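S.K.: The chain contents come next:
2 protein chains.
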Amino acid sequence: MSVAPVLARIDQDLDAALDRLFDLLRIPSISTDPAYKEDCAKAADWLVADLASMGFEASKRPTPGHSMVVAHYEGPGPHVLFYGHYDVQPVDPLELWDRDPFDPELQDTPKGKVIRGRGTADDKGQLMTFVEACRAWIAETGSLPCKVTIFLEGEEESGSPSLVPYMKENAEELTADVALICDTGLYDDKVPAITTQLRGLLGEEITVTGPSKDLHSGMFGGLAMNPARVLAKIVASLHDENGRVTVPGFYDGVPELSPELKAQWDGLGFDADKFLGEVGLSIPAGEKGRTPLEMLWSQPTCEVNGIWGGYTGAGFKTVLPSKAHAKISFRLVGTQDPHKLRESFRDYVSAMVPADCKIEFKGHGNSPASMMEISHPVFEKGRQALTEEWGTEAAFVGAGGSIPIAGYFKTYLGMDSALIGFGRDDDQIHSPNEKYDLECFHKGTRSWARILGEMGS
Amino acid sequence: MSVAPVLARIDQDLDAALDRLFDLLRIPSISTDPAYKEDCAKAADWLVADLASMGFEASKRPTPGHSMVVAHYEGPGPHVLFYGHYDVQPVDPLELWDRDPFDPELQDTPKGKVIRGRGTADDKGQLMTFVEACRAWIAETGSLPCKVTIFLEGEEESGSPSLVPYMKENAEELTADVALICDTGLYDDKVPAITTQLRGLLGEEITVTGPSKDLHSGMFGGLAMNPARVLAKIVASLHDENGRVTVPGFYDGVPELSPELKAQWDGLGFDADKFLGEVGLSIPAGEKGRTPLEMLWSQPTCEVNGIWGGYTGAGFKTVLPSKAHAKISFRLVGTQDPHKLRESFRDYVSAMVPADCKIEFKGHGNSPASMMEISHPVFEKGRQALTEEWGTEAAFVGAGGSIPIAGYFKTYLGMDSALIGFGRDDDQIHSPNEKYDLECFHKGTRSWARILGEMGS
Numbered sequence: 005m006s007v008a009p010v011l012a013r014i015d016q017d018l019d020a021a022l023d024r025l026f027d028l029l030r031i032p033s034i035s036t037d038p039a040y041k042e043d044c045a046k047a048a049d050w051l052v053a054d055l056a057s058m059g060f061e062a063s064k065r066p067t068p069g070h071s072m073v074v075a076h077y078e079g080p081g082p083h084v085l086f087y088g089h090y091d092v093q094p095v096d097p098l099e100l101w102d103r104d105p106f107d108p109e110l111q112d113t114p115k116g117k118v119i120r121g122r123g124t125a126d127d128k129g130q131l132m133t134f135v136e137a138c139r140a141w142i143a144e145t146g147s148l149p150c151k152v153t154i155f156l157e158g159e160e161e162s163g164s165p166s167l168v169p170y171m172k173e174n175a176e177e178l179t180a181d182v183a184l185i186c187d188t189g190l191y192d193d194k195v196p197a198i199t200t201q202l203r204g205l206l207g208e209e210i211t212v213t214g215p216s217k218d219l220h221s222g223m224f225g226g227l228a229m230n231p232a233r234v235l236a237k238i239v240a241s242l243h244d245e246n247g248r249v250t251v252p253g254f255y256d257g258v259p260e261l262s263p264e265l266k267a268q269w270d271g272l273g274f275d276a277d278k279f280l281g282e283v284g285l286s287i288p289a290g291e292k293g294r295t296p297l298e299m300l301w302s303q304p305t306c307e308v309n310g311i312w313g314g315y316t317g318a319g320f321k322t323v324l325p326s327k328a329h330a331k332i333s334f335r336l337v338g339t340q341d342p343h344k345l346r347e348s349f350r351d352y353v354s355a356m357v358p359a360d361c362k363i364e365f366k367g368h369g370n371s372p373a374s375m376m377e378i379s380h381p382v383f384e385k386g387r388q389a390l391t392e393e394w395g396t397e398a399a400f401v402g403a404g405g406s407i408p409i410a411g412y413f414k415t416y417l418g419m420d421s422a423l424i425g426f427g428r429d430d431d432q433i434h435s436p437n438e439k440y441d442l443e444c445f446h447k448g449t450r451s452w453a454r455i456l457g458e459m460g461s
Numbered sequence: 005m006s007v008a009p010v011l012a013r014i015d016q017d018l019d020a021a022l023d024r025l026f027d028l029l030r031i032p033s034i035s036t037d038p039a040y041k042e043d044c045a046k047a048a049d050w051l052v053a054d055l056a057s058m059g060f061e062a063s064k065r066p067t068p069g070h071s072m073v074v075a076h077y078e079g080p081g082p083h084v085l086f087y088g089h090y091d092v093q094p095v096d097p098l099e100l101w102d103r104d105p106f107d108p109e110l111q112d113t114p115k116g117k118v119i120r121g122r123g124t125a126d127d128k129g130q131l132m133t134f135v136e137a138c139r140a141w142i143a144e145t146g147s148l149p150c151k152v153t154i155f156l157e158g159e160e161e162s163g164s165p166s167l168v169p170y171m172k173e174n175a176e177e178l179t180a181d182v183a184l185i186c187d188t189g190l191y192d193d194k195v196p197a198i199t200t201q202l203r204g205l206l207g208e209e210i211t212v213t214g215p216s217k218d219l220h221s222g223m224f225g226g227l228a229m230n231p232a233r234v235l236a237k238i239v240a241s242l243h244d245e246n247g248r249v250t251v252p253g254f255y256d257g258v259p260e261l262s263p264e265l266k267a268q269w270d271g272l273g274f275d276a277d278k279f280l281g282e283v284g285l286s287i288p289a290g291e292k293g294r295t296p297l298e299m300l301w302s303q304p305t306c307e308v309n310g311i312w313g314g315y316t317g318a319g320f321k322t323v324l325p326s327k328a329h330a331k332i333s334f335r336l337v338g339t340q341d342p343h344k345l346r347e348s349f350r351d352y353v354s355a356m357v358p359a360d361c362k363i364e365f366k367g368h369g370n371s372p373a374s375m376m377e378i379s380h381p382v383f384e385k386g387r388q389a390l391t392e393e394w395g396t397e398a399a400f401v402g403a404g405g406s407i408p409i410a411g412y413f414k415t416y417l418g419m420d421s422a423l424i425g426f427g428r429d430d431d432q433i434h435s436p437n438e439k440y441d442l443e444c445f446h447k448g449t450r451s452w453a454r455i456l457g458e459m460g461s
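Just so you know, the protein sequences line up as chains A and B, in that order.
Heads up: the first sequence begins at 5 in this note's numbering, then just goes up one per residue.
Heads up: the second sequence begins at 5 in this note's numbering, then just goes up one per residue.
To be clear, the hints were calculated from the coordinates, so they are not data collected in a lab.
All values derive from a computational prediction rather than experimental measurement.
For each residue, glycine too, the CB sits at the ideal point set by N, CA and C.
Be a bit skeptical, because a hint or two may be false.
Said to hold, decoys possible - Ranges between beta-carbon positions, derived for each pair:
1. A:T211 - B:I287: 15 to 21 Å
2. B:Q432 - A:K366: 46 to 52 Å
3. A:I287 - B:G273: 53 to 59 Å
4. A:D96 - B:T415: 51 to 57 Å
Construct the complete structure from the given sequences, taking the supplied hints into account.
M.R.: Next comes the structure, spelled out in structure tokens:
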């Protein structure tokens with residue numbers, strides 16, 4: 005069946021689709037704030053009703069926190085599971101918003117029309133691109149070209165506490181051939197992208213204790229060991245002069261980029277000068293000999309996220325601190341094993357601590373990297389559909405950050421995920437004046453319609 | 005003239021001397037708190053009246069802050085200037101005091117009788133040892149054995165803002181042959197001491213800036229330079245593997261200890277195990293090959309007093325910070341030049357900053373070390389007097405901290421200072437339940453009577 009009439013219907017229906025999205029955006033479903041518990045339930049109810057109206061077998065599923073929305077639609081082709089989240093970030097500082105964050109509006113800007121409001125890009129506007137694509141297919145053809153399960157979470161912005169338990173308990177119902185996740189962005193303004201690899205994350209907090217209490221640096225300075233000095237030595241030794249991380253075994257499981265992917269990434273023309281220039285920098289800080297995109301997407305990192313000890317207020321205090329602390333995180337790639345790395349890091353660091361100091365460690369979560377099996381047909385079909393819609397060759401890209409849901413789908417349901425989203429860098433997600441470009445909403449809907457068509461073909 | 009009858013009078017007069025001290029202690033002269041401004045004035049008035057009653061030409065001298073008390077007594081011998089301060093520390097947390105801090109009391113303890121209350125040891129009880137010694141001399145002999153100027157400050161606990169300007173404006177009146185300062189302690193429970201060298205202090209605050217704003221470590225980690233990593237390298241490089249400070253020229257002007265002083269310090273039997281053990285440590289952290297007392301008294305130091313950057317709260321935040329900071333101080337000895345060292349430190353550190361980061365410096369005060377000319381007769385006479393009174397050989401000691409007044413006397417009035425005090429380590433100055441041992445008050449008064457006698461002989 006041709007996708008052309010489905011796309012035409014999407015175009016005709018755009019105003020009505022916006023009205024629906026605005027209805028959903030008006031519900032302040034801030035998951036982290038208990039004051040908005042009812043609103044989260046209302047957003048879930050709204051989605052259940054909307055999906056049911058299209059013929060989905062849809063229901064709200066209770067969890068210890070906010071409900072899941074699960075909806076099924078039978079179809080002929082492969083089974084895809086679509087994931088999005090209906091909860092949103094808090095809105096403070098409210099005074100930095102130009103308008104009520106929950107009174108969405110279509111605005112004209114020099115760069116085109118934007119949908120302004122909390123949740124427009126993250127993630128209500130994005131999840132509705134998929135819902136609207138389904139609506140158009142059903143309205144135009146009476147059915148969907150493949151079997152679809154929609155799985156929407158209401159706790160993504162508050163740490164997803166119910167997600168893994170719910171997935172484990174409902175593994176059979178949720179397992180499909182492949183997952184589609186709509187919570188990422190375009191590669192740039194014009195180039196659509198499928199994210200095929202995500203870095204993992206390992207967090208460690210270290211506390212070095214020297215003297216049993218804060219000391220006066222006049223009375224004790226020179227004789228008593230200063231734990232901040234020890235901590236600085238530890239942190240300073242985590243990278244060598246070439247920017248490589250020195251933790252033993254750190255690079256075990258770090259793959260070299262395949263020639264195909266390397267060629268594709270090189271073809272993206274990533275402008276490191278511009279990327280760094282926007283934050284006041286100019287020199288790539290990763291391992292020497294790596295390209296900027298490798299540093300960001302396919303190489304692991306070690307970063308100090310926080311460091312503190314002693315007196316940090318105004319003025320000066322001649323204290324010799326009892327304790328010094330650092331929060332350190334590693335971005336992981338390939339098959340780096342976070343558990344092994346944690347042990348190796350702790351052994352390595354402990355060996356640097358002089359006899360007179362103690363060191364304590366606190367783990368802060370760990371997740372391995374995700375690398376998708378891009379041999380799955382969804383990747384090539386998705387790329388083709390995106391390329392047709394956007395008129396520019398779609399890219400397989402990496403992401404420097406972690407999107408835990410992709411790892412969970414792999415670990416608990418055995419599914420690869422195609423991360424396809426239509427956000428732009430200037431969407432200001434998590435910040436005041438969040439927006440989603442009308443073009444992204446419209447072409448995003450059309451993209452999903454094409455992808456569903458390709459999947460069913 | 006023999007000191008024996010003067011000492012006998014001091015013994016007889018002890019109860020009355022305590023009554024006088026208690027009167028002064030009852031005045032809550034907390035200089036840092038504007039609510040106690042009147043009380044500071046009252047304490048100054050009390051001292052002026054007491055000194056005048058003994059025949060001193062005494063007056064309160066206004067300053068932009070709290071008044072000075074200046075009193076003169078003509079005498080035959082050399083001219084000595086005595087310095088103390090009548091202001092006290094705040095008393096909070098009040099709930100940790102066993103009694104009203106300004107209702108002093110003589111208490112029996114397992115270690116003997118103590119005078120309990122704010123200001124007993126720091127510094128009202130100490131300054132009154134000198135006043136009572138003068139009183140006994142005058143009462144017994146009708147005069148003092150040397151010319152005495154008493155100079156009492158009311159802002160020592162609040163940064164002494166008026167002190168240097170006042171000394172400069174009144175240099176002629178305040179300049180004597182030598183200064184006596186009573187604001188220090190015994191070497192230990194039984195060994196009296198004259199502090200003859202004090203370390204100076206140089207403070208620097210450094211701020212390393214990487215990106216222009218805090219970044220997400222997933223989006224930028226690996227490509228953007230982390231200023232906390234740069235800061236750690238800087239701090240880690242300030243000491244070499246032998247514990248020596250690496251700043252170029254740092255050891256210019258650091259003298260080797262004279263054989264005489266070294267022998268005397270070795271004879272003190274300083275128990276580094278006990279000293280460090282009380283704060284949970286066991287290994288001297290200074291330059292290899294130095295004795296613990298050298299590390300504390302005659303060697304310079306470099307200490308991190310504070311370090312901070314990025315996220316330091318509970319949990320974890322994958323931020324790549326824009327800035328990282330450290331407060332670093334140096335204790336100086338000999339003729340180390342704080343101004344030259346500041347420049348050298350800044351040059352040294354700046355050269356470690358990669359091209360993509362900025363570094364800013366903020367100076368936090370600087371004072372050179374004080375080394376007294378112990379050839380001045382007051383030192384040997386003072387030592388003899390103290391040895392006779394306490395029955396144990398008095399020691400010339402160093403102090404790890406800075407006592408700015410001694411430096412000011414040298415710089416602005418050209419006087420050396422003999423720092424002689426009778427505090428003990430457990431006096432809890434600046435803390436709840438401050439005390440001063442009755443033995444220290446009594447033998448301290450007798451010590452000054454002997455020192456005045458020696459000075460006049």
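S.K.: Is the gap between the beta carbons of Q432 (chain B) and K366 (chain A) within 46 to 52 Å?
M.R.: violated (35 Å)
S.K.: Is the gap between the beta carbons of T211 (chain A) and I287 (chain B) within 15 to 21 Å?
M.R.: holds (19 Å)
S.K.: Is it true that the C-beta distance of D96 (chain A) to T415 (chain B) lies inside 51 to 57 Å, as the hint says?
M.R.: Holds, since D96 (chain A) and T415 (chain B) (Cβ atoms, about 54 Å apart) stay within the stated range.
S.K.: So does I287 (chain A) sit 53 to 59 Å from G273 (chain B), Cβ to Cβ?
M.R.: holds (56 Å)
In this structure, only the earlier hint numbered 2 is contradicted, and the remaining ones agree with it.
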